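Novice: We have chain A; now place chains B, C and D onto it with these hints.
4 protein chains.
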Amino acid sequence: MLYFNNDYDQGTHPEILQRLTKINFDHQVCYGMDPHSKRAGELIADACGNKDAEVFFIAGGTQTNQTVISSVLNNYECVIAAKTGHISLHEAGAIEYSGHKVQTLEQYNGKLRAEDVDEYMNLFVNDSSHEHMPQPAMVYISHPTEYGTLYTKNELEDLSSVCEKYGLKLYLDGARMAYGLMAKNTDVTLKDIAKYCDVFYIGGTKIGCLFGEAVVFSKSKAPKHFITSIKQHGAMLAKGWLAGVQFEVMFENGLYFKAGQHAIDMAQKLSALLVEKGYKLFVESPTNQIFVLLKDDEFKALSEKIVFGFWEKPDKEHTVARFVTSWATKEEDIQLLADVL
Amino acid sequence: MLYFNNDYDQGTHPEILQRLTKINFDHQVCYGMDPHSKRAGELIADACGNKDAEVFFIAGGTQTNQTVISSVLNNYECVIAAKTGHISLHEAGAIEYSGHKVQTLEQYNGKLRAEDVDEYMNLFVNDSSHEHMPQPAMVYISHPTEYGTLYTKNELEDLSSVCEKYGLKLYLDGARMAYGLMAKNTDVTLKDIAKYCDVFYIGGTKIGCLFGEAVVFSKSKAPKHFITSIKQHGAMLAKGWLAGVQFEVMFENGLYFKAGQHAIDMAQKLSALLVEKGYKLFVESPTNQIFVLLKDDEFKALSEKIVFGFWEKPDKEHTVARFVTSWATKEEDIQLLADVL
Amino acid sequence: MLYFNNDYDQGTHPEILQRLTKINFDHQVCYGMDPHSKRAGELIADACGNKDAEVFFIAGGTQTNQTVISSVLNNYECVIAAKTGHISLHEAGAIEYSGHKVQTLEQYNGKLRAEDVDEYMNLFVNDSSHEHMPQPAMVYISHPTEYGTLYTKNELEDLSSVCEKYGLKLYLDGARMAYGLMAKNTDVTLKDIAKYCDVFYIGGTKIGCLFGEAVVFSKSKAPKHFITSIKQHGAMLAKGWLAGVQFEVMFENGLYFKAGQHAIDMAQKLSALLVEKGYKLFVESPTNQIFVLLKDDEFKALSEKIVFGFWEKPDKEHTVARFVTSWATKEEDIQLLADVL
Amino acid sequence: MLYFNNDYDQGTHPEILQRLTKINFDHQVCYGMDPHSKRAGELIADACGNKDAEVFFIAGGTQTNQTVISSVLNNYECVIAAKTGHISLHEAGAIEYSGHKVQTLEQYNGKLRAEDVDEYMNLFVNDSSHEHMPQPAMVYISHPTEYGTLYTKNELEDLSSVCEKYGLKLYLDGARMAYGLMAKNTDVTLKDIAKYCDVFYIGGTKIGCLFGEAVVFSKSKAPKHFITSIKQHGAMLAKGWLAGVQFEVMFENGLYFKAGQHAIDMAQKLSALLVEKGYKLFVESPTNQIFVLLKDDEFKALSEKIVFGFWEKPDKEHTVARFVTSWATKEEDIQLLADVL
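Protein chains in written order, with our numbering: chain A, 1 to 341; chain B, 1 to 341; chain C, 1 to 341; chain D, 1 to 341.
Excised from the complex, chain A in its bound form (with noise of 0.2 Å):
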């Protein structure tokens, strides 16, 4: 069987195991208050070309956005996204659950459009009952987003021009950062995530962690006693300094980097593959998720011999297929791909 099932569905890199073998019978300072979760905040920091940057460690990623929204928000605010984010579609209701509204706009290819968000606010300012309604207090992106694509820097900064005008703060799921930051052509670095972004998360486990994501509040400040609002989340590890070992390994010299190079490498090849085979592709991605157009035989034929995922039916004779390269993906499968198809 070929595996092009997801980024998430293997281990770990080797050096990480490494360290954490090393590191095992050290005793630590526990709960994320340990030197190695002091030392992956500052590389992360430096990375981010903003050392006032703080960087906290959390476990998964709804977690995450859960916590960070739910902490960044006063109770009568809201947070907006695009349709099909993550939040608005498979968190199971995490923000909900929090007591947020999550307000929704239309999307292109994943992507919110700074003048819809303009647009809604305008509207919203302007609406005399506007008080009856949860107050926007947040943008909600990803990047990539849920479909591969990317904004560009002129697109991140009207976002976060757009947020200025109203109040807004900035949120940025990095759950694949590594993905969009080695994309060809992409002109958005991390540093200006780190510049329009109030806050943002830098995933882990899609990269190649066991587990762990690093929020970095950059432009805004952390929330008064967020620590707390993270134990009082259950996102609290007791053996903290896991995340900030695997974070420590990633940026101590560009393994993170490294790895999401190596999956859209993978990912471009994929892709002409596919493109030279005649298959249709459903989105441009530039990253490492690959959609394909297929006929419901095509799709049921495949699966018999790689392992990838459903996205959806656009009409009835057609699927719409998710093929994803990850930082463990190998030169080789590509090549018996080549053979399958």
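Where hints are given, some of them may not hold.
[What the hints assert, rightly or not] Below, a list of computed lysine-lysine pairs in the BS3-like style, where the Cα atoms sit at most 27 Å apart: (1) C:K305 / B:K38; (2) A:K165 / C:K224; (3) B:K224 / D:K316; (4) C:K22 / B:K330; (5) B:K316 / A:K165; (6) C:K165 / B:K258; (7) C:K165 / D:K316; (8) B:K221 / D:K221; (9) A:K224 / C:K165.
Since the hints were made in silico from the structure, they are not lab data. Everything numeric in this text was worked out from a predicted model, so none of it was measured.
Specialist: Chains B, C and D only, in chain A's frame:
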């Protein structure tokens, strides 16, 4: 100034004031456990054609929606509503504050279509990742809708069927129910509502109570310890009998229906007058809310003599105005309006 | 039957009924934005000796406590209260439902001691694991307490000082405040309350309003978008002016204070009568709640002729009964009671 | 420096690291739906003597308590716990954040007494105002307790009986369960726990997993859609198999029990050593937490050579210190300690 602004900007029926005065110094059982509330509940159950219906009184509409929805739903469940549903737009995120997502579907003049619910649920149950989404457990509709439109009996039946098919509860927000029941050409009776809906509320505030909404569990039983949930939501009045007494007056001699009939009669005259004067109706509303398409300067000019509502701007040159009649609208005001138009 | 059961089992002052009748058909601005509510707020601010005080009207006590506390607190914060505080015991977990812990401390006849708060906070801030606990941010007291007792001015000042020392807000639940202000020998005025408390509410329901509590932010400003929070909690009445009008009547000619004075006079007579008849008072209450220690058979015998409350069983042979006078207690009822005892 | 600080400041068992390394590049089913988690669940169900037990894996303890308690309780329900229960004191209000009151009762060396629960419930159900209080629906205990003490089988049985009497679920927090099961003289086995408790969790973090707690529904079924609730609480790991694999290693050859035994052996030696050296034990703890009463200057002096915990100050001259052994404590450290004392 002429007032066609809404149906809740005046006090209450003289009969209600008289009754409150009459019993003013009686010693009552508190917290809604009194004989007046009991009798009002029985009168309502009788009007619903279901002696087993359980009736509770709550002060306001948003409070009722929040208390009912969050008490019927389990923590992992969400409620389906039209985009224009009151809980979707104008309750300040009260449902989300209680932890539940409002899953919006398309609206058609304010109405939700059974086939859309069916299609959504069909996709949902066949989506292999549906455990990662909040589980739909209730459908929320309003009757009349926010656009003054009405479901037909067939439409209610279809919604009820699709709800049964997927194990959803059907909840009807009847803030303006009296105006719907007394509309011309409607084939929906209170008994139909009680037959097709698991739970609904009969609005008192907008039909001339000082406050108060009657929650009716008809097809379904009330959730266990619903009294405790009411208290927990801050929705229990110490002097609970006040709501009971008002509904007693409303239902003992048909005042509820007469008040609705009066407003419909006034709305028909108002609507005919507007058409006669050459105005264009924006929605064909059979109830007490009349939506008129005005040029922006007409809107401005009329605003100087008449109090009515801004509804929306469909384009740059026009504005939709909302004229509302009520239980208290005087016939002479329609005549005065004729002079002004 | 004679009624000394509670102070909220009868309707309202005739003046309030008259006023409601008088303005019944006036067209009002809705949702509490009306001139009556504005004027009532000004009258209250004036009585508080603080023209900048912000006043809001909410229908009931539990709703007020939930809305105020959850709006003032951040998500990671908790409120300190006496074990016997109303929010600790009799609000169906409404505060916890809004996400906040009620941290209870020892009570002394219903009162919280400043030194206990000081000691608790001192331990808290010096506990190295205090980031693993909800952060105390508010102290809740009731005046009169649930036992009818009163704070002295010195005690209020001490609580206020300890709150300032630790950055806590002081919140006073004045469900029965009128009965406290008019008690014999109290040195606490409404102006003192407004001076020492960040926020408090003046109860209307128990002093003869149909419903309504006036929230006053005096030392502190109201939280941002408090109107939205009120709506979100379901605590906004469409006919909001009804609460405003009642408080207007209460404060324009001192009815609020006269009504309190009357109940205190009645309570003094009642209390003297009980002592004269050889009954033992359980708590020395200076307000309108009188607690009497009865033998179980006395309790049973009196219950056949008088409606009064069960409070608690201090031992196997005795029961504590609660007799309550109110704004509506008639002097002749005290005389009738003398015959029964 | 010698470390007796806690049982979660070091990594994991070498067998676990080896297994994680061995399967590192295997492609796994995600979100805990993998064969490793399935097998771990079966091994645990088997050890519990209940093949129908349902087992779920969650990353940390507070998260587990929050997810389990808020999923089992209805919105109007509360949980009963000892004053010193972990959910009462050290989880940053996580239970209240999920909407539920923690009703505390007296503790006896960390334990809750069945007769206290009985008395509380008896008063509750006979209190005529109990619909104005959150409805108790669960009893929370920890075994070992926060003081390292243990319930006897009889005590567990009594708690179970009183729970059945009042329709309460019994939930046991087994963060340190292994240390309890392997204690000298305990008559409580894992099968007893599975027999008497509706739901409990077997802690992994404190017995040498990197992270992970195994939730076991034994007497009761798991709540409907518990997977959705896990996701909604942010408690679902993408690489869920990591927890499954660790528990697989723990339970396939008894490592879980051996690790517990080792710590108990070390604790016995430590405890004997302290007594031999003239120190006074503060609580008779049969498990891996040893509480010692030290003079303040002794505490300070020892702190320079040994890392151990501050527990509390029973008076002005003394401090209670907590010494903890673990799955990783080395025998030579006890010997080194002998030299230091």
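Novice: Compare the structure with each hint and give your call.
Specialist: Cross-check of the supplied hints:
Between the alpha carbons of K305 of chain C and K38 of chain B the distance comes to roughly 25 Å, so the proposed pair stays at or under 27 Å and holds. With a C-alpha separation of about 19 Å, the suggested pair K165 of chain A and K224 of chain C falls inside the 27 Å cut-off, and the hint holds. Using a Cα cut-off of 27 Å, the hinted pair K224 of chain B and K316 of chain D is violated, with the two alpha carbons roughly 51 Å apart. Restraint check for K22 of chain C and K330 of chain B: the C-alpha separation of about 18 Å stays at or below 27 Å, so the hint holds.
Taking the CA atoms of K316 of chain B and K165 of chain A, the gap is near 24 Å; set against the 27 Å cutoff, the hint holds. For a cut-off of 27 Å, the pair hint linking K165 of chain C to K258 of chain B is broken: about 62 Å separates their Cα positions. Distance hint between K165 of chain C and K316 of chain D is fulfilled; the C-alpha atoms sit about 24 Å from each other, no more than 27 Å. Proximity of K221 of chain B to K221 of chain D is assessed by CA-CA distance (about 24 Å); at most 27 Å being required, the pair is judged to hold.
Distance check on the hinted pair: K224 of chain A and K165 of chain C sit about 19 Å apart at the alpha-carbon level, within 27 Å; holds.
Figure legend: structure checked against the earlier numbered hints; hints not met, in rising order: 3, 6.
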